[in-house]
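Based on the sequences and whatever the hints tell you, model everything.
As a plain string of letters, each chain reads:
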Amino acid sequence: MTKTMTPIDCVAQVEQHFVPIVTELERVRDEVAALFEAGPVTTASLRERLEPGSLEFLRNPNLIGGGFVVAPGVLSDRRLYLVWWQGEERDFLGEADAPGTGEAIDYTRQPWYRSPERTGELTLVGPYVDFVCTDEYVMTTTMPVYAGGRMVGVAGADTLVETLETMLLPGLREAGATLVNGHGKAIVSADPQLATGAPLTTARDMIPCRGLPLSVALG
Amino acid sequence: MVKTKFMKFLCAFEQIRTDLGAESSRSIHYDFGVRVMTSRARAAIFAPIGDEGRAARVENRLAEAIRSGVLAHGERLPSEPELAQMLGVATVTAREALVALRAKGLVVTTRGRGGGSFVRAPESGDLVEDRLASMSRVELRDRATVYLVVLTGCAEIAAERTDPDEVEDLRDLLIPLNVSDVARWRSADSELYLSVAALTQSARMTREVVRQEADFGALLRIPLNEPGFREATATRHQELVEALAAGDAVRARESVREHVAHSLERLAEIHEAVRR
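Chains as they are written, first to last, in the numbering used here: chain A, 1 to 219; chain W, 1 to 276.
Keep in mind that the hints are not guaranteed to be accurate.
[Said to hold, decoys possible] Computed Cβ-Cβ distance ranges for the label pairs, DEER-style: (1) A/G39 to W/A273: 51 to 61 Å; (2) A/G94 to W/A273: 34 to 44 Å; (3) A/R59 to W/A273: 49 to 59 Å; (4) W/Q85 to A/T119: 47 to 57 Å; (5) A/R59 to W/E129: 45 to 55 Å; (6) W/D172 to A/D205: 34 to 44 Å.
[To be verified] One side of the interface only, derived from the structure: several residues of chain A facing chain W at Cβ under 7 Å: (7) R109; (8) V129; (9) G197.
[Said to hold, decoys possible] Per the computed footprint, the stretches of chain W lying under chain A, defined by three or more beta-carbons under 8 Å from a beta-carbon of chain A, are: (10) 100–108; (11) 161–172.
Keep in mind the hints are simulated off the structure, nothing from the lab. Quick reminder that beta carbons are idealized off the backbone N, C-alpha and C, glycines included.
So this is what it looks like as structure tokens:
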């Protein structure tokens, strides 16, 4: 790095990571919508349709997982299903069982599912510990998918908070800035005392990231 | 004894009758479920009501009664024509429901003299009780201590780090007392404590709780098949959520401590009964 990073450069770096995610979710959304418009969808047909494109996208090592999660009852052979690949080996998830009970976890209560369901818009949840899919501290980007006048599920992708730290902290340090989420909580900060997940306590100037509920706070 | 058993059947079936006759009241009972599954619930409401839908309802009701232990393992179900008459559905509908229950392994049918359909309790419950039976008192206390320390610690830290909107999500995990599906109580109980663990913002802590829930949580949730225990549990769930909402670490910790202590008290009695 020859020149010193400015807050604007930090914003560009954040967008460089998240904007391609949004583009990918739009692609998945269109694929899934087309599949549902064509007739009844099964776990197998959905996975078959999404696998090549999703695995190609997940070659990006800065992502920990991604795919599509169905709304309850839209598949002809399973109520809840996660067409989701994650981890270094990009293992296929399928369904998530609750520990102890062995019952499938009803993920429809999770903010990454509910929020896009309620708002109809792109959502960025986190930082939070995800115990349904990755069991990691992540940021989840999700987008609702509609077909035949109803929501058939959400397309999504996970980024480890650690990945964001590795990617963004050097620049944020130089700029003396903090990346904050839509609720004003720190994600990565130049200030070592400002823990991830902690709210910013003082009012600061913020530069919003394009099309994302993220900002870079100065000072 | 015979009378009690018959009454139990009547209660279970009376509920099915009510459900089949009065769809609208059902949505009130399951308000919680409807809210989180709006699109599915809507689809169900506007689906044509034929005998096909009725078979699924009969099936669901019986499955719930079996899972919750209202219909006990080994009990003989009435014959198809009797069942159909009790429920006010066609014999073919009752048969269809039984076929589905058989496929789920919740009912076993034997042929010939003395044959019929019998309730088969889900296996996971058996396994949990078998595990309990194989444990010494020392091991039970040993595991309970680890569980207690981990979970109370989570509640304390979560109370310090939780936002109002995150607490709202927790409220949705609270189950109305009139729900009698034990499996639902158990999964909601587990999910509540997992969610609290996640609110510590620590992935390692959450993974530890996942391990604890699978290891010991399943045992602590055995008594949830008792209505009185469910009531006490619901009160403490409420207390815990309120403490988190208020950011009160001491109260959050205390509520989990009481929950584990009370569960363990009841579990020790069950343990004694199965070991004797």
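Against which earlier hints does the structure fall short, listed by number upward? When the structure is compared with the hints, only number 10 turns out to be violated.
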